[in-house]
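All chains should be modelled from the sequences, with the hints used to inform the complete structure.
Reminder that position 100 of the sequence shown reads as 134 in the working numbering, one-by-one numbering, no gaps.
The set of hints was computed from the structure by calculation and includes no laboratory data. Misleading hints may appear alongside valid ones.
[Said to hold, decoys possible] Simulated crosslink set (DSS-like; lysine-lysine; CA at most 25 Å straight-line): (1) Lys-295 with Lys-73; (2) Lys-155 with Lys-295; (3) Lys-73 with Lys-241; (4) Lys-73 with Lys-193; (5) Lys-92 with Lys-297; (6) Lys-120 with Lys-92; (7) Lys-193 with Lys-155.
[What the hints assert, rightly or not] Distance ranges between label pairs, derived from CB positions: (8) Asp-115 with Asp-293: 29 to 37 Å; (9) Gly-178 with Asn-135: 34 to 42 Å; (10) Lys-120 with Leu-90: 23 to 31 Å; (11) Gly-294 with Lys-241: 37 to 45 Å.
Yeah, the Cβ is synthetic: ideal placement off N, Cα and C, and Gly gets one too.
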Amino acid sequence: MKNSRRFFSFRFALAAVLISGWNSCGTLSALEFPDPEWKTLFPGIEHAVIQVEEPLLKVNVLRIQTETPGLSFYSTGRISDYQADKAETDRRTVPDFLEENELAAAVNANFYTPFNAKTRKSRGPSDAKGLAVSDGVLVSPANGYVSFIVRKDGRCEVKVTQNDEPIDVVSQAVSGRPMLLENGQIPELTEPARHPRTLAAVSADGKTVWFVTIDGRQPGFSVGATFAECGEILKKLGADDGVNLDGGGSTTMAVRGEDGKPKVLNRPVGLGQPNSLRHNGNAIGVRVWDLEK
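Printed below as a string of structure tokens:
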């Protein structure tokens, strides 16, 4: 009888431990990292590097306070010979996008086509996947993807957008999938693949934005994250809603350096090797009036 009670107690204790460490995506929560050490790059824009040891991840984070005076967002506009769902944007590297539009910081955004050995290293027309809006102008129609939206009233949000999505209140929008965090909860994310990732997330009040890159495909440096791990990182940062943008070799984060030139913060694998840049279908960035800091 005593042995039976001990066995029952052991099973109960084990179950309690498993449940307490189990997150909503159905996998054990294992990510641990210290509180980020934030460095102010520009008014309203902070940067931190997070090192996760298990699994090995190098994470770059931009934290943006949207109500900062003089701060605004900008995403890739229409190509000159625009054709919806065919030729919507002109491919750029993220540093080129940042420099050409006088931005303080930027990351890549929507998935896009065509994608092949030629297009990833050259400019040319692209079809962005999911909603894209630039300065209130529709660039790519919504189609059920998850969108990061900057409203004209300044509030930011992450939500699923359908083809009837009203854009009269939208200033900027980019899209991806899947939803990584919704109302502070990680949805069921069972995809086990590890890749470089680009993420966008917002606070519950829509006044704080996080842009995140996670490097990958580089053993000994950063192996890439699963979707569930991405959701966990966003939640630990304090976000309420978050979306996965185009990743893999597209994943790039750049800022304006102290010399005024673009500086890539992460280690992209755009052409299949570390520190190589890809021409992406579109990107989103932040402007500030004071670029002298």
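Now the hints, each set against the structure:
1. Lys-295 with Lys-73: Holds, because 19 Å separates the two Cα atoms, which is no more than 25 Å.
2. Lys-155 with Lys-295: 21 Å, holds
3. Lys-73 with Lys-241: 19 Å, holds
4. Lys-73 with Lys-193: 29 Å, violated
5. Lys-92 with Lys-297: 17 Å, holds
6. Lys-120 with Lys-92: Judged against 25 Å, a Cα distance of about 35 Å means the pair is violated.
7. Lys-193 with Lys-155: 31 Å, violated
8. Asp-115 with Asp-293: 29 to 37 Å: This hint holds: roughly 35 Å between Cβ atoms.
9. Gly-178 with Asn-135: 34 to 42 Å: Once the Cβ atoms are compared, 28 Å apart, the range 34 to 42 Å for Asn-135 and Gly-178 is violated.
10. Lys-120 with Leu-90: 23 to 31 Å: Between Lys-120 and Leu-90, where Cβ atoms are some 40 Å apart, the hint is violated.
11. Gly-294 with Lys-241: 37 to 45 Å: 29 Å, violated
When the structure is compared with the earlier hints, violations turn up for hints 4, 6, 7, 9, 10, 11 and for no others.
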